[in-house]
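K.L.:
Sequence:
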Amino acid sequence: MKLTVIGTGYVGLVTGTCFAEMGNSVICMDKDTRKIEMLKNGKIPIWEPGLGDMVNSNTAQKRLVFTTDIAFAVEKSDICFIAVGTPPGEDGSADLQYVLAVAGDIARNMNGYKIIVDKSTVPVGTADLVKKTIQEILDERGVDYKFDVVSNPEFLKEGSAIADSMKPDRVVVGTDSEKVTEIMHELYQPFSRTREKTIIMSVRSAEMTKYAANAMLATKISFMNDIANLCEKLGADVADVRQGIGSDSRIGYQFIYPGVGFGGSCFPKDVKALIKMAEKEDTHVRVLEAVDAVNNDQKLRLVEKVTAYFGKTLYGLTFAVWGLAFKPKTDDMREAPSIEIINGLIKLGAKVKAYDPVARETAEIALGYNQNLVYGDDNYEVCEGADALLLVTEWNQFRNPDFDRIKELLKNPVIFDGRNLYNPQEVRELGFEYFGIGRV
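Under the working numbering, the first residue of the sequence shown is numbered 3, with each subsequent residue one higher.
Rather than coming from a laboratory, the hints here were simulated on the basis of the structure. Heads up, some of the hints might be wrong.
[As the list claims (entries may be wrong)] Below 35 Å or equal to it, Euclidean Cα-Cα: the simulated DSBU-like pairs (lysine-lysine) are:
id	residue 1	residue 2
1	K353	K413
2	K349	K222
3	K199	K329
4	K222	K235
5	K314	K235
6	K278	K148
7	K282	K353
8	K353	K329
9	K355	K274
10	K331	K409
11	K159	K78
12	K199	K355
13	K169	K134
14	K148	K134
15	K222	K148
16	K307	K349
17	K134	K235
18	K349	K329
19	K235	K413
20	K159	K37
21	K235	K33
22	K4	K134
23	K45	K159
24	K169	K274
25	K181	K222
26	K33	K4
27	K278	K235
28	K199	K349
29	K199	K235
30	K4	K235
31	K64	K133
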């Protein structure tokens, strides 16, 4: 099929590349000239395992092209995917200005029937706004081109987005058109070789499904963080509790790891957006309001543990921080807990030496310049002369470090483990003071 994906951010670039990998002709369009030139030159603007090789392979075989020309992109395609950002507005609701701007651009360049697909995470009812925007501009042009607007939300996990795209758990398509249903089935059939994965529903149900999925996962995380904090008060070990409840097939083990809260481009934004959607309908999603509040508090749990140990002011102290990205296998710093932790330590007078395997550049942008924050080239370097180590992101290389070397480098053998990566008893037997999340 001939496809255009408008927006070459995380979702758009991965989506377009994987469609090309399946043999489709794909145009990825973006207004950002610098980004498009990077992609044309084989440079990938985001860090995602396996993406660079797949982009360059499909570009070389001319199934995947990059352009800033919206007219070319729309005219040459049968299906136009909208994959631009929906950042939170000042009140937490999703900002649709970029989605509707793209809808307008598509309408101004339509030259026949098109299927317009909302791939971005958008509030319920957005497809109606996209349809209205396009129709108004077509009317102004005096043309009667037919079109359909479809909701087809993405369910990608950063760090495993290629696998999620190539072998999806499900493909949600929101449409009331039999014609569109057939076309979308055909488009996704190569991704569904072992079983039928496409789920057809109404447009509004599809829009809600994306938010509900992310909100449910966020709820599991905040619930477990609440339980972990209670475990600390009651002398229970949350690691044992997690095993006990995770073995129940109705609950499962995924997303019940306690820690320093969730971040990224999806969970925090989508929870807040659902809260705002409910408020606009004069109702409340009280569980999600609590999820958001718990997560905001949890991001400062390590700082609270540090001050409980060292005192309320941290002047003259230096802390090593391992991990900056909001999760492993990405350089994404959006809503990363490390931001709150580092800023919290510095606010109390501390200095911070931080290390992340891939997120240094994005961290420098997210955290900005601060004379009390420096970055190291490896995880042991930042430990030298530090008063304690804070583990914030659970990168694989942090799982089995040289504890003897860490002990030699630190002024004090103290570890604050924000991801419960280490066994408390084993670390303490090595001579460390250890503080986890809900551990005893």
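K.L.:
Are the Cα positions of K278 and K148 separated by 35 Å at most?
P.N.:
Holds, at about 33 Å.
K.L.:
With a cut-off of 35 Å on the C-alpha distance, tell me whether K199 and K329 pass.
P.N.:
Judged against 35 Å, a Cα distance of about 28 Å means the pair holds.
K.L.:
Would you check the hint for K199 and K349, treating anything up to 35 Å between C-alpha atoms as holding?
P.N.:
49 Å, violated
K.L.:
Run the distance test for K199 versus K355: straight-line Cα separation, threshold 35 Å.
P.N.:
46 Å, violated
K.L.:
Keeping to a limit of 35 Å between CA atoms, is the pair of K169 and K134 held or broken?
P.N.:
34 Å, holds
K.L.:
Please work out if K222 and K148 have their alpha carbons no farther apart than 35 Å.
P.N.:
Given pair K222, K148 is violated - Cα atoms ~43 Å apart, limit 35 Å.
K.L.:
Quickly compare the C-alpha distance for K331 and K409 to 35 Å and report which way the hint goes.
P.N.:
Distance ~27 Å between K331 and K409 Cα, so the pair holds.
K.L.:
Checking one constraint from the list: CA of K4 to CA of K134, max 35 Å. Satisfied?
P.N.:
At roughly 24 Å apart (the allowed maximum being 35 Å), K134 and K4 satisfy the hint.
K.L.:
Hey, K307 versus K349, does the alpha-carbon distance stay inside 35 Å?
P.N.:
15 Å, holds
K.L.:
Holds or violated: K235 and K33, Cα atoms, limit 35 Å.
P.N.:
Since the Cα atoms of K235 and K33 sit roughly 53 Å apart, the hinted pair is violated (cutoff 35 Å).
K.L.:
Is it true that the CA of K349 sits at most 35 Å from the CA of K222?
P.N.:
Distance of about 31 Å is within 35 Å: holds.
K.L.:
Taking only the CA atoms, is the gap from K45 to K159 under or equal to 35 Å?
P.N.:
The given pair, whose Cα atoms are some 21 Å apart, holds under the 35 Å limit.
The earlier numbered hints that this structure contradicts are 7, 12, 15, 17, 21, 25, 28, 29 and 30.
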